[in-house]
Structures are given as C-alpha cells and as structure tokens.
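Kindly generate the complete structure, drawing on both the sequences and the hints.
Chain order of the listed sequences is U and R. Following full-length UniProt numbering, the numbering of the first sequence begins with 1 at its first residue and continues without gaps. Following full-length UniProt numbering, the numbering of the second sequence begins with 1 at its first residue and continues without gaps.
These aren't lab readings, by the way, just hints derived from the structure by calculation. Treat the hints with care, since some could be wrong.
Same chains, same label: a pair holds when it works inside one copy or across any pair of copies.
What the hints assert, rightly or not - In silico DSS-like links for lysine-lysine, alpha-carbon gap of 27 Å or less:
hint: 1; residue 1: K201; residue 2: K153
hint: 2; residue 1: K118; residue 2: K178
hint: 3; residue 1: K223; residue 2: K118
hint: 4; residue 1: K114; residue 2: K204
hint: 5; residue 1: K118; residue 2: K212
hint: 6; residue 1: K74; residue 2: K190
hint: 7; residue 1: K74; residue 2: K29
hint: 8; residue 1: K222; residue 2: K190
hint: 9; residue 1: K222; residue 2: K153
hint: 10; residue 1: K75; residue 2: K212
hint: 11; residue 1: K102; residue 2: K25
hint: 12; residue 1: K204; residue 2: K75
hint: 13; residue 1: K75; residue 2: K29
hint: 14; residue 1: K204; residue 2: K74
hint: 15; residue 1: K83; residue 2: K46
hint: 16; residue 1: K216; residue 2: K13
hint: 17; residue 1: K178; residue 2: K153
hint: 18; residue 1: K75; residue 2: K114
hint: 19; residue 1: K108; residue 2: K46
hint: 20; residue 1: K74; residue 2: K13
Protein chains: 2
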Amino acid sequence: MLLERGHVMLDPKFLEFLDERYGIKFNDKRLVERAMTHSSFDNEHKELGIGDYERLEFLGDAVLEINISRYLFKKYPELPEGKLTRLRSDIVRTDSFARFAKEINIDKYLLIGKGEEKQGARQRHTLLEDIFEAFNGALYLDQGNEVVNEFLKKVVYPHIDSGEFSEDTDFKTHLQEKLQQSGEVEIDYKVIDEEGPDHDKKFKVELIANGKILSKGLGYSKKHAEQMAAKRALEEL
Amino acid sequence: MLLERGHVMLDPKFLEFLDERYGIKFNDKRLVERAMTHSSFDNEHKELGIGDYERLEFLGDAVLEINISRYLFKKYPELPEGKLTRLRSDIVRTDSFARFAKEINIDKYLLIGKGEEKQGARQRHTLLEDIFEAFNGALYLDQGNEVVNEFLKKVVYPHIDSGEFSEDTDFKTHLQEKLQQSGEVEIDYKVIDEEGPDHDKKFKVELIANGKILSKGLGYSKKHAEQMAAKRALEEL
Chain U
1 MLLERGHVML DPKFLEFLDE RYGIKFNDKR LVERAMTHSS FDNEHKELGI
51 GDYERLEFLG DAVLEINISR YLFKKYPELP EGKLTRLRSD IVRTDSFARF
101 AKEINIDKYL LIGKGEEKQG ARQRHTLLED IFEAFNGALY LDQGNEVVNE
151 FLKKVVYPHI DSGEFSEDTD FKTHLQEKLQ QSGEVEIDYK VIDEEGPDHD
201 KKFKVELIAN GKILSKGLGY SKKHAEQMAA KRALEEL
Chain R
1 MLLERGHVML DPKFLEFLDE RYGIKFNDKR LVERAMTHSS FDNEHKELGI
51 GDYERLEFLG DAVLEINISR YLFKKYPELP EGKLTRLRSD IVRTDSFARF
101 AKEINIDKYL LIGKGEEKQG ARQRHTLLED IFEAFNGALY LDQGNEVVNE
151 FLKKVVYPHI DSGEFSEDTD FKTHLQEKLQ QSGEVEIDYK VIDEEGPDHD
201 KKFKVELIAN GKILSKGLGY SKKHAEQMAA KRALEEL
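What follows is the structure, encoded as structure tokens:
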C-alpha cells in the first residue's frame, strides 16, 4: 500500500465511537490523529507527516488540571486547600488517567510502531495517561474548553462523585467512627479475589468487623476496594 | 474602631490601581479581598468573615498553568514537549511569580496579621507567589478566563517574550556558537554589581570574550543577567 501525506491512519471507528458515545465530532481529524500517535508510529510512516502526541500532551495536562480543579473547587466549597490539593493529585495520577483512557478506547485505537507494540506499550499506563492528556489537548484546541468540560462530565467527574479518590470522602474513617460509637470494634479488610489481566486488575475485599463479614467491595486498587466496601457498609448500617 | 461583618479591609487604592493600570474592575470586592488575605489577618479579624487566600490559590495555580501553557504552545509551534515543559516550569517558579506579584503591588496591599508582619512575611517570595496565584483564581471566578488571559498579556507574557526564561531562547549558547565560528573563544561572565534590598535584588554582569568586555546585562538572578548580557552582545555583533 502506497500512502500519501495527509492520509489518515486513525481508525474511523474511533471517531464514530466518540460521536455516538459523547457527541464529539472533531473538525480537524489530523489533530486527534496526532494526539493518538506515538513517535514510533510516526517514525515508521514519516511520509504521512502525522507527528506525535507529545506537544498536545503538554497542553492537555494543563487543560485537565484547570477543569478538574474548578470542578473540585465548586463541588467542595468547604474543603481546605490542603485537602483539595491531595484530592486533585490523587485524580491526576497515572493509573487514574490510564483508566479514563481505556474508558474511551484509547488503548484500542492508539497508533504505535511495531517494536513498541511487541513490547506491550499499548497497555502501558504511562503511555495511556500521556495520550489521554493529549486527547484532551486536541479537543481543547479543536472545540474549546467548554466542550472539554462536557466531556469530562461523562468520563472523569462521575468517578470523583462516586468517591473513588482519597480526600473526597474517607469512607473507612467514617465507618470506624460510626462503629466505635457503641464501643471498641476491630475492623479488618481482606483481599479475597483479584480479577482481570495485569494491566486491568480489579481487587475484591471483604470488610470484617469483630469477626463478622459486613460487606464486600470491588475496586481498581486495594485501597479503592476497601473504600468501596466501607461505603457499602455505611449505606447498610 | 468597631468593624462589622462585610466591612472591606482591602485598601481601595489597590482596586483603583487595578482599574487604571489593567482596566480590571472586580464585581465581587470580597473575592479579591479574600485573595489578598493571609490566614493570620483573618484570624485577628474573625468578626469580618473575610476568609483567606488558600482555596483561591489552589484554583489560581491551575488557571495560570493553562494560560501560560497555551501561550507557550502557540508561540513556539516547533518547540518539542520536553523544552516546553522546562520553559513552563522555569516560568511558574516561586521567584518569577513573586516578581509578578510585586509588579501588581500585591506586596503593598496584601493583608497579614501583626506577628507575620514583624517577621517580614510581606516580602516572603513563597507568600507573594501564593497570593499572585490566588489573585488570578479570584479574577477567573469573577471575570472568566479571557480576562485573566488579557491581564497576563500585560504582566506575564512580556517577560516570556523578552527571553528571561531558560528554554525560551538560550542566548548564551547562541553567542558561544556564533563567536566560535571564527576560532576558539574564551567567554567569561563576571558579577560586577548587586543592587536593591535582599527581597528585590538585581544583578549586573559583564560578558568578557578573550579578555575584552563585550557587553553588560542586568537581571533578577545571575543566570538571568548573564542571558541579558549575551542577548545584548548578539544584537551588537
């Protein structure tokens, strides 16, 4: 196959998915393609002149930061600065962004070179994080910040609202305080199952109070699963 | 003097200055007052219910980051991500933000408690940085991002354009390359003067090539003064 400069390699299925799921239509398809392209792919197809995601990542990093900051600032009018900062840094972590990246199928449609593909780069969390940032940078340039914010309402903010991040609501501490109102309670969390492949593992934990199983929780990390178990226990008390 | 809740302690001269110099009129004066208030002042005047700058700093930090990132992204369409990132981190440093803070008279008008005042907090760079961020957070909430961007066009971007930051244009390297085109050249930079009080020091350096003084430079740090000397020498070559 002989390809010419300007030929779009990004799978049109990704654009259809963005439109159907999020109502996003890029004006500049080359821009979103660049956001989805690793330098190894660009190097193998220099004749296409795609470029790579790296500069868009620089911009997208700041785009995500302002939107998430504004969301937290307004959602938690009473939270002091220190807790806001800890919560934000828990959200903008590599693993969180990698999860969001997979939620929008970045892992399926990103473009990488053959060598990187063999080494499993497609599932590497740092790469997925970078491309999630670059994608938001491209969306910002193409459609402006309010479209980015609408997109984040579907992809990021629901995870904040569900209490997945640490300074949001500390369900474990709440539960402990509640249970100890009626005397000493010994609370244990035990991992009872790990599901899924390494790059997409989920943890299941049991919450045990004074030897009795109170609830179970499923999460993207042990800590997250423990919080989810404590949350459920609180709901059931 | 008996003061009531809601009484504004921020000097109206600061608001006049913002209007005259930058065309900025805050709708919510309590908001800009809070941005200018250290917790020590709030604690001494609890009855006024001012609050302090800290949450606004959390927001303003991200506001500055996105605007400066966008400016750099557009100004340097060829600069790779690594250099953009280094340049951005050189701009968002404590000392740079403290300088910008003084440029808009934050040091004159900020509100701090008596104990902090005695300890010289008014000139502390970390405090000036924080309040500069908080001020931008307040401006963002009160007037929106485009007004912030217009403000930064007057207060921050000119410093970027003048080459004060390191990955922008490295005048020292350029000069060395240029001078060495006609053989080996020994280049020295010598600090010949330091002006101003500790919190607002300026450095003067001489640029000496093969024993001959080529130019002088004045800057906010030794590195900055050296860059300015090299810049001038390049202009004169």
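Legend entry - Which numbered hints fail: Violated: hints 2, 3, 4, 5, 6, 10, 12, 14, 16, 17, 18, 20.
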